[in-house]
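Trainee: Please put together the full structure from these sequences, using the hints given.
The listed protein sequences derive, respectively, from chains Y and S. Position one of the first sequence corresponds to residue 0 (numbering that gives the first Met the number 0), numbered consecutively onward. Position one of the second sequence corresponds to residue 0 (numbering that gives the first Met the number 0), numbered consecutively onward.
Some clues are possibly wrong.
Said to hold, decoys possible - Simulated coverage check for chain S against chain Y, where a stretch passes if three residues somewhere in it have a Cβ under 8 Å from a Cβ of chain Y:
#, segment
1, 15-24
2, 38-51
Claimed, not checked - Each pair of labels, with its calculated beta carbon distance range:
#, chain 1, residue 1, chain 2, residue 2, range
3, Y, 429, S, 22, 49 to 57 Å
4, Y, 430, S, 17, 30 to 38 Å
5, S, 22, Y, 178, 38 to 46 Å
Just so you know, the hints here were simulated from the structure itself, not pulled from any lab data. From the three backbone atoms N, C-alpha and C, an ideal C-beta is built for every residue, glycine too.
Read off the chains here:
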Amino acid sequence: MFDHLNVVATAVFVLFFGLVSVLGFVAARWKAADLDQLHEWGLGGRRFGRWITWFLLGGDLYTAYTVIAIPAVVFAIGAYGFFAVPYTIIIYPFLYLTLPRLWAVSEKHGYMTAGDFVLGRYGHKGLELAVALTGILATMPYIALQLVGLEKVILALGFAGQGVMAHAPITIAFVILALFTYKSGLRAPAMIAFVKDSMIYIFIIAAIVVIPYELGGFGAIFDAAGRAFDARVAADPKLAAGLTLKPGQVGPYITLAVGSAMALFMYPHALTGTLSASSGRAIRFNTMTLPAYSFVLGLIALLGLMAIAAGVKVETPQDAVPQLVLWAFPSWFAGFCFAAIALGALVPAAVMSIGAANTFTRNIWKPFIHPEMSLREESFLAKLASLVVKIGALAVIFFMPTRFALDLQLLGGVWMVQIFPAVIFGLYTRWFSGWALLIGWAAGMIVGTSLSWTGTAWAPVHALKWDIPFVGNVDLGLGFAAYNGLTAVIVNVLLSAGLSLALRSRARDETSPADYEDRVLA
Amino acid sequence: MKLILLLAPCVLALWVPLYNSIAPALFGIPFFFWFQLVLIPVSALAIFAADRIGND
Numbered sequence: 000m001f002d003h004l005n006v007v008a009t010a011v012f013v014l015f016f017g018l019v020s021v022l023g024f025v026a027a028r029w030k031a032a033d034l035d036q037l038h039e040w041g042l043g044g045r046r047f048g049r050w051i052t053w054f055l056l057g058g059d060l061y062t063a064y065t066v067i068a069i070p071a072v073v074f075a076i077g078a079y080g081f082f083a084v085p086y087t088i089i090i091y092p093f094l095y096l097t098l099p100r101l102w103a104v105s106e107k108h109g110y111m112t113a114g115d116f117v118l119g120r121y122g123h124k125g126l127e128l129a130v131a132l133t134g135i136l137a138t139m140p141y142i143a144l145q146l147v148g149l150e151k152v153i154l155a156l157g158f159a160g161q162g163v164m165a166h167a168p169i170t171i172a173f174v175i176l177a178l179f180t181y182k183s184g185l186r187a188p189a190m191i192a193f194v195k196d197s198m199i200y201i202f203i204i205a206a207i208v209v210i211p212y213e214l215g216g217f218g219a220i221f222d223a224a225g226r227a228f229d230a231r232v233a234a235d236p237k238l239a240a241g242l243t244l245k246p247g248q249v250g251p252y253i254t255l256a257v258g259s260a261m262a263l264f265m266y267p268h269a270l271t272g273t274l275s276a277s278s279g280r281a282i283r284f285n286t287m288t289l290p291a292y293s294f295v296l297g298l299i300a301l302l303g304l305m306a307i308a309a310g311v312k313v314e315t316p317q318d319a320v321p322q323l324v325l326w327a328f329p330s331w332f333a334g335f336c337f338a339a340i341a342l343g344a345l346v347p348a349a350v351m352s353i354g355a356a357n358t359f360t361r362n363i364w365k366p367f368i369h370p371e372m373s374l375r376e377e378s379f380l381a382k383l384a385s386l387v388v389k390i391g392a393l394a395v396i397f398f399m400p401t402r403f404a405l406d407l408q409l410l411g412g413v414w415m416v417q418i419f420p421a422v423i424f425g426l427y428t429r430w431f432s433g434w435a436l437l438i439g440w441a442a443g444m445i446v447g448t449s450l451s452w453t454g455t456a457w458a459p460v461h462a463l464k465w466d467i468p469f470v471g472n473v474d475l476g477l478g479f480a481a482y483n484g485l486t487a488v489i490v491n492v493l494l495s496a497g498l499s500l501a502l503r504s505r506a507r508d509e510t511s512p513a514d515y516e517d518r519v520l521a
Numbered sequence: 000m001k002l003i004l005l006l007a008p009c010v011l012a013l014w015v016p017l018y019n020s021i022a023p024a025l026f027g028i029p030f031f032f033w034f035q036l037v038l039i040p041v042s043a044l045a046i047f048a049a050d051r052i053g054n055d
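Mentor: This is the structure:
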């Protein structure tokens, strides 16, 4: 089990991991408050200033899975994997306009989740439940994938366990994570994010300087990668790979960027990170400064090409970054980089479990099972729910093939976009009615899911021609394929708008236009 | 003006045919890659500028 263990790298890894875990527990005393209140445990009391929010959101959104998966796609097929860059470019101008409004109305009415806002705005419990379930359903596999990222680096340390022992390291890591999240709530990932993000920055700066130097410059790297893609395409003419996009990849590239951008801030963990900010001003500041992480993500994507040029041997493309790190750096620094990636799994996993727990408590348990909950009961239930969510994620990794989590995560994005109309349109208008949005949501879920099933596997994109039951073949004649989340949300919006004309809502709207104004700017 | 500043980087980022080429390379990095990387700080500056306009 330990025969091939890289002792130096492992020692550095364990040292950093242990140090940061201690921070997670200490965090309970940071900005001390009564953690038996849900808004303190699950939202840091909405007291995180601009810099804390920057580290927290950066650590929350740019996850370990991203650090492994994006370069893996670039390693496998090249340019297409770079869609994460336009995705993260278009998201911030959009967030600049919308998030301060959501923050303002949430602070005014004490909303902690998207479900809270939807209930207050539309007065529709069914829509609230739909929003909550979508969030929880999409978050579970996302947490499981953080474990995959964690497992990849532990594998690269040379740990090779059999049977139950194979999962021993991530189990230990997850138990630590579960304990400090239970104790400290959102304060734990916020504090850990400082260390983790700094480590990621050091890792990537070193990588972007040292590796091109060792490989003879960027020109040599792109030449080698280009030749490798040409050879792969020559061997398999159906493969779409290269240093630029093939004509058939352009449509998916654009629509994946747009659809993913629409989905990201619908996830409970993204909203938890946002609503914990202390002001709309702090959020605006972050829409200008978070692109620094996007830049790092772009550089991380390039690691996939460097791995090709370095000629590292991998079993799956997801091993490309860990193997490149081992190839390029001395053991002690490799251990440091792996610790950075592993901590990059813990921060989002903690925030995701808190976001899902807040949602479960506020939007499922409280309205449907136990309306007369005290503040103390709310907080206790959320802590318990955060444990259950993490055990669920661990069980997925233990008992299901990794493919299962990957497929669910892919579908999770498609599903998450479907609450976009209810949440984002709701920030500007109450013209849409609750019932119409609920039916639109259901249609979007069905369309998105069925488009994604190819008969043999799940795929995120589909040609814009369909064989619709009872209707027959419909071809838009555009000649390109599009991201299913986007196609489905268009159906969703059209249906919601049409039905809103027919089903006017008389339900109470507890918000007023002034609640959405950003007080600092207004 | 504010909206134009916010929209411009999005349009550029999604206008794939504009940058889907190897040439002109910069320090050996194909256009496809360096253009998008450079667009990231440009988009951040655009938001900053839009925000300043909003404050006046």
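Trainee: Indicate, hint by hint, whether the structure satisfies it.
Mentor: A quick look at each hint next to the structure:
{"no.": "1", "hint": "15-24", "verdict": "holds (count 6)"}
{"no.": "2", "hint": "38-51", "verdict": "holds (count 10)"}
{"no.": "3", "hint": "429(Y) to 22(S): 49 to 57 Å", "verdict": "51 Å, holds"}
{"no.": "4", "hint": "430(Y) to 17(S): 30 to 38 Å", "verdict": "36 Å, holds"}
{"no.": "5", "hint": "22(S) to 178(Y): 38 to 46 Å", "verdict": "55 Å, violated"}
Violation of the numbered hints given earlier is confined to hint 5; every other hint is satisfied by the structure.
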